[in-house]
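*Asks:* Given chain G, work out where chain H with the ligands should sit, using these hints.
What follows is each chain in one-letter form.
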Amino acid sequence: METAANRARPFLEADKVSVAFHGKAAVDEISLTVTAGEVVSIIGPSGSGKSTFLRCINHLQVPTSGTISVDGVSVVDRPGQHPKAKDLARLRRKVGMVFQSFNLFPHLTALENVTLAQVHAMGRNKSDAEERGRELLAQVGLADRANHRPSQCSGGQQQRIAIARALALDPKVVLFDEPTSALDPELGADVLKVMRDLANSGMTMIVVTHEMHFAEDVGDRVVFIADGKVVEQGNPAEVLRHPQHERTQRFLKAVLDR
Amino acid sequence: MTDFFHYLTVLSSGVRYTLELTFAAVGLGLVLAIPVTAARRSSSRAYRFLGTAFVELLRAIPPLPWLFLVFFALPTMGLTPLQPMTAGILVFGIISAAYLTEIYRAGFRAVPAGQAEAAAALGLGPFHTYARILVPQAVKTALPLALAYFIGALKDSAIVSVIGVQDISARAVAQNVANSNGLIVFLAAAAIYLCLSLPVALFGRWLSYRLGTQNAVRVGA
Ligand SMILES: Nc1ncnc2c1ncn2[C@@H]1O[C@H](COP(=O)(O)OP(=O)(O)OP(=O)(O)O)[C@@H](O)[C@H]1O
Ligand SMILES: [Mg+2]
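Chains G and H, in that order, are what the protein sequence lines are.
When you line the first sequence up against the working numbering, it's residues 1 to 258, in that order.
When you line the second sequence up against the working numbering, it's residues 1 to 221, in that order.
Just chain G, with the same shape it has in the complex:
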């Protein structure tokens, strides 16, 4: 239920989230607030902690410290607390995720990939789930692939199936972790188009990406992360064209020179 109180507060709020691996900080006190419908692009050098931070949002990665709340749900109020299965399930119903390597279920057809969690995580009945599944596959341009296994689909098609799968639980926000970096540019274009449509439909999105065009054209905000910290953020055109920090300038120069 959307209430006035909910709308007034930021939809997603990460507060001083840190993650340490073997005592070394991969994410170092990142705070981020996202409003409903916003599309936030996260950019930054390899190993800067982008994926790790993103994975904290749906609790695939447990933060060492800091708190995260999504649409009023926070699974842990204090660091180190073991989340309740019920809260975790509630969080993951609200948050969809798309992985760099797709992570489709290879033994299931495209349609089964998209319906499985609807039935077993949401409790939808099978025929409703299939109807919704076919609708979503059509939405990503793959109605004709419903009965194919992932291995019978191109990389770009697989990633679009993965997007349909993430959308099947009617999430409030979708996280993308470099959704096109495993794809040839041509195949990636189909995926980016689906993401653009999704953004235009008002979906809240957080996208870790190296696609600067996408970040500038589709994104509402760019967040630059280096060494586990937010270095700079703001309007995409400003951050990408007139970066203020030396670290951002160096990174963007390296990306554009490539």
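Derived by calculation from the structure, the hints in this document are not laboratory data.
Note that the Cβ used here is the ideal one computed from N, Cα and C, for glycine as well.
Please note: incorrect hints may appear among the correct ones.
What the hints assert, rightly or not - Have a look at the derived ranges for each label pair, beta carbon to beta carbon:
| hint | chain 1 | residue 1 | chain 2 | residue 2 | range |
| --- | --- | --- | --- | --- | --- |
| 1 | G | S151 | H | S43 | 28 to 38 Å |
| 2 | G | G47 | H | Y47 | 16 to 26 Å |
| 3 | G | N147 | H | G27 | 32 to 42 Å |
*Replies:* Same frame as chain G, now just chain H with the ligands:
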């Protein structure tokens, strides 16, 4: 040559015991290996330790001492003596649980970590994650290994003859003692074991081939 066929017939009466023992023991092992695997994959350190201790202890000691322990030593401690067959099934069942736990583990390790992550991100609970995502994929690796283990168990089961189960080997030993015709008797025994193992081995090969190519085969829309 007629001797050979004579012994084949005599020894064949032991096939029943060999098969019964192997099927029952491996069946018991397949089931017992599930909680042991669960313990080894548990987030609790104590459970993981217990699971590993079980596997290592059973694998470190050969079957024969276990068999003697259960069959001869337990009754001296006041427990009711077990039938030879029961003792054999129990010992081989528990030992195969240890080996099958390792086989299950190999199966799960072959499933990329991204699969469990995707399942978690979709909000699937542990039961559906295992039943729908991990096990169906792990089986591809584990099943051929389990079949190979089954063949091994079929042959190793011969040692239960020492506690008096009338299996193929026990009958071969008896015939050898009675007729001093060792070469032919044991050749007949070998032929019977071969007839039992070979079909399973061939099935295993066919199955690995099928499972390995399953995804490449176009099933059509
Ligand atoms: N499970 C893990 N265990 C140990 N270290 C890890 C783990 N995951 C990530 N790291 C380390 O944390 C740091 C941040 O990794 P992360 O994957 O978040 O970077 P990234 O910004 O997503 O990089 P890329 O652009 O290459 O994907 C890296 O130094 C990485 O080696
Ligand atoms: Mg990454």
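*Asks:* Are any of the numbered hints broken by this structure? If so, which, sorted upward?
*Replies:* Number 2 - this is the single hint that the structure violates.
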